[in-house]
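There are 4 protein chains.
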Amino acid sequence: MSEQIGFIGLGSMGLPIASNLLAAGHQLYVYNRDASKAQPLVKAGAKQGMKPVEVAQPGGVVFTMISNDDALQSVVLGQDGLLQRLGPGGLHISLSTVSPALAQKMAQIHAEKQVSYLAAPVFGRPDAAAARKLWICIAGQPEARKRARPLLEAIGQGIFEFGDQPELANVAKISGNFLIASAQEAMAEALAVAEKSGVDRTQLIDMLSQTLFACGVYQNYGKMIAERRFTPVGFAMELALKDINLILDTAEQTKTPLPIASQLHDRLISGVAKGRGQMDWSALTMGVDEAAGIKK
Amino acid sequence: MSEQIGFIGLGSMGLPIASNLLAAGHQLYVYNRDASKAQPLVKAGAKQGMKPVEVAQPGGVVFTMISNDDALQSVVLGQDGLLQRLGPGGLHISLSTVSPALAQKMAQIHAEKQVSYLAAPVFGRPDAAAARKLWICIAGQPEARKRARPLLEAIGQGIFEFGDQPELANVAKISGNFLIASAQEAMAEALAVAEKSGVDRTQLIDMLSQTLFACGVYQNYGKMIAERRFTPVGFAMELALKDINLILDTAEQTKTPLPIASQLHDRLISGVAKGRGQMDWSALTMGVDEAAGIKK
Amino acid sequence: MSEQIGFIGLGSMGLPIASNLLAAGHQLYVYNRDASKAQPLVKAGAKQGMKPVEVAQPGGVVFTMISNDDALQSVVLGQDGLLQRLGPGGLHISLSTVSPALAQKMAQIHAEKQVSYLAAPVFGRPDAAAARKLWICIAGQPEARKRARPLLEAIGQGIFEFGDQPELANVAKISGNFLIASAQEAMAEALAVAEKSGVDRTQLIDMLSQTLFACGVYQNYGKMIAERRFTPVGFAMELALKDINLILDTAEQTKTPLPIASQLHDRLISGVAKGRGQMDWSALTMGVDEAAGIKK
Amino acid sequence: MSEQIGFIGLGSMGLPIASNLLAAGHQLYVYNRDASKAQPLVKAGAKQGMKPVEVAQPGGVVFTMISNDDALQSVVLGQDGLLQRLGPGGLHISLSTVSPALAQKMAQIHAEKQVSYLAAPVFGRPDAAAARKLWICIAGQPEARKRARPLLEAIGQGIFEFGDQPELANVAKISGNFLIASAQEAMAEALAVAEKSGVDRTQLIDMLSQTLFACGVYQNYGKMIAERRFTPVGFAMELALKDINLILDTAEQTKTPLPIASQLHDRLISGVAKGRGQMDWSALTMGVDEAAGIKK
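Line order of the protein sequences matches chains A, B, C and D. My numbering puts the first sequence at residues 11 to 306. My numbering puts the second sequence at residues 11 to 306. My numbering puts the third sequence at residues 11 to 306. My numbering puts the fourth sequence at residues 11 to 306.
Excised from the complex, chain A in its bound form (with noise of 0.2 Å):
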């Protein structure tokens, strides 16, 4: 059964996933602060709204995918936000990642409102936006979650469930791109050490990696770390340091403390630092290969 739905973000992952959303036959209503990247989508039969009130229809559902809390915040609470109009048997399917804080607080915020809000963050990157291919961990209410179920299942090919508070979604994706960095990082370390050492980088991780870490992450980061090719860029550095920042602002509130995440956070702000801000996270390469006076 197909359903209106509204889109906010159309960015490098929001714009394959509303694709997705069209192509499995849904009416689609979109909303991008840019507005000349929801070109695509209408030839192909979305409804382009210049606000993002425009896009959502009471007790409707409409997804959000933005890339931080402020703006989040701006296009859901602003005085053109979507909670303008949502309304009572709303459905709020946030795909960002998140504080975990701010998670908490939309719940409330849309719960005064009778508007369910789902935390649906995603794994993957653009390519696996586009092929349908996000892993997807998901918390709200169960109603809420029973709805956004097959409207999820066409985006993706796994959901994982972590119970009612929205903001326990956020803590797993957070979590996950902690280790994806932590992996990174590990490799950089060890192929630079290995190639000082006389062994051919490719040949190491592709041992590695058909080995004890047969999985995308090592497979695919591997390759790009062992070549120094940190193209296309999937996932800008920066953003990756603001991740970064999401899991020690909950290890501050939470008290726990996190060394590699603070020694990741510190490989980043170097990388920022040093003007790679919009680089691929893979580029940590590139300072752990200048500690070590490597020259390429």
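Keep in mind that the hints were calculated from the coordinates and are not lab data. Being a predicted model, the structure only gives us computed values, none of them experimental.
Straight-line C-alpha distance at most 25 Å; calculated SDA-like pairs for lysine to any residue:
#: 1; chain 1: B; residue 1: Lys-206; chain 2: C; residue 2: Gly-285
#: 2; chain 1: C; residue 1: Lys-265; chain 2: A; residue 2: Gly-303
#: 3; chain 1: A; residue 1: Lys-206; chain 2: B; residue 2: Gln-114
#: 4; chain 1: B; residue 1: Lys-143; chain 2: A; residue 2: Gln-229
#: 5; chain 1: A; residue 1: Lys-206; chain 2: B; residue 2: Asn-78
#: 6; chain 1: B; residue 1: Lys-265; chain 2: D; residue 2: Gly-287
#: 7; chain 1: D; residue 1: Lys-306; chain 2: A; residue 2: Val-282
Output of the computed footprint for chain C on chain B, the stretches with three or more beta carbons under 8 Å from beta carbons of chain C:
#: 8; stretch: 278 to 292
#: 9; stretch: 297 to 306
Cβ coordinates follow ideal geometry from the N, Cα and C atoms, glycine included.
Given the coordinates of chain A, assemble chains B, C and D onto it according to the supplied hints.
Frame of chain A; chains B, C and D shown alone:
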């Protein structure tokens, strides 16, 4: 074609490996410092030597599976060491995780006696050894690699070649162990902050190890860490500390800063200081939890 | 020349400072959230206000000594805040260790009301405050600095100027606290390894603090750390964590990796997680000892 | 009372120390691997030996000032080593910063020959050595300490005793160097973030080193770091790395995690990897700046 082969070192890894060589039809001469460990093999048809030198045949093949640099030097170079007898045309297959520096030294000493030294360190815990599921990294002269291959195929599921210089296989091995330890520490940290935020540890690790990290290291260690079940002891924390020191020594010689390895070192040394040297290395989780004030 | 002055915040630092201003002959109007703390000052001749605004005089001078950013904003900008009355020509001398970002914001808000905001954070524990031995870093408009100087001379032993922008004094202050914490952590580590090697802790710190490190921080904290005597509580671990977070926030904004600060953060957050937030920050030593398996 | 004494090792520290012993009226027999270094002393009346053994007298006193463990073992235990002649009743005063483990071994070997081994490592850069301003930590048998005192008083401004076991003085010495390096790293980090926030580096370090940190280490290194002037080379980064490795080795043996030392290790090894091994250790500042993207 079966061959007479020597095997030195019947610990938790050496014993199942030797059993598999025996089961493959080779005549086996075994030696272990604590002679009683050889009983099961002797019952199954192996012959037992009382000194390392006794299991070597001139021009023959000897395997060693020894826990550290000093012990390996002793069984090879000592008064009763295997090099006293192995002689020209002999092949020493060293399965141990020793330092690249020792591998280099060994290669030279063996060459002077016209014996081949093949570094063949393995990945896998005792259950993998028993199941002939080891992954083996080899490096050494081409003829040595060729001669060793059929023997190694009887004990592992895959062989990866790293060239002519034996130490390169050791670098590959300790790089792998470094990555495994990194993954464990990162998981332990992520699960600590997630748990303190209200997320179920098992739910989180299940999601991660079915998606981004669908590989053995994350699945097996992830489960142990999530459940805080650090048995059986597949690899003792004390040995893990030894291996992190091996990569840090290699980093010292090549002047490569490895901040994650430094952090792991501090974590493991703390575990050993707290009396956990004989526990499985996944028990580094206890240190992560304690620092976070988690009481279990 | 004595002046009518307001003073807000009578904690362990504010109370002795206010006493010294009173003793210097100034007429003092004091406010504290917990009004009972003002008793000793009232007995000595101070007048008590029931709201922050009540201690401000149009065009007058008000000191604040408040524990964090939120509390400072509340007493300044709140409904009953001092800015409701201080007005054109007024001078607000902020002794608190707050974020550079807040100082910057405060300067702007004050300027809009033609009030001068002088950042004047102080170094020294409560006993130093009582003894008029504080060191004071000041930054703000030249006239503000000139007007404040004689008042500050009554409470400290030295004044250091950091220019026209108030936030620069705050940066100086949190840099200093970062260095003190670094010195404590380094001493705690050095004493742990020295003690485990057989060296007497006190003998070692005595040597160091009479020679290379013949200065207050090493002498005073060194003694506390060597003796594991973390009283009296001159500066609570919770506040130390706040200050390390202030410098990490400043590092975030300026994109500066600070690995030692990251390490201190993890140490302090662990202490707070273990329930030591109200202990003196020198108790970070307990975390160093615990990680080393030292039981005292 | 003047004494005939031997002196081995005429580097940047040994030469001024030997000069002071000569100036104090002692008859000096000197040895240095590069014999030409002895010229100034020979002109001033010293006699030169061509081998270490030649400067030792049976029952006499020999000083050594040697840069590392291996070199010390060579001049002491080698074929032409001083122990070949020093003999019963002799006293070897070892000024070098060597490992506690070597000091322990030396004490035993000397005792077997009825020679006293006194560990007497010194604090101070070459200018302090020239000015007889060294601080000296001594440990060894009571008679050895008593006999050495008047000699040491001619070269230093203060002597600190650490008991009967020579290695304890070495632990004290490397602990001190660890604290100096920690202070430098912390200052470099603080100045980086302060500078990026708009604070003048010199203004900040002046304030700190006149107040909380009014001691030599902060005043001297603080100035060098603030001004990024890393000359003259008082102590080479390569030697600093050696000393951090000495404390990390001691930490390894005693199972003591030292996270700050680990961080310093990574900083220094990176400096050496970048070709700065011969620069003054204060040049670790360059690594701090580079990571922060500061270009000078």
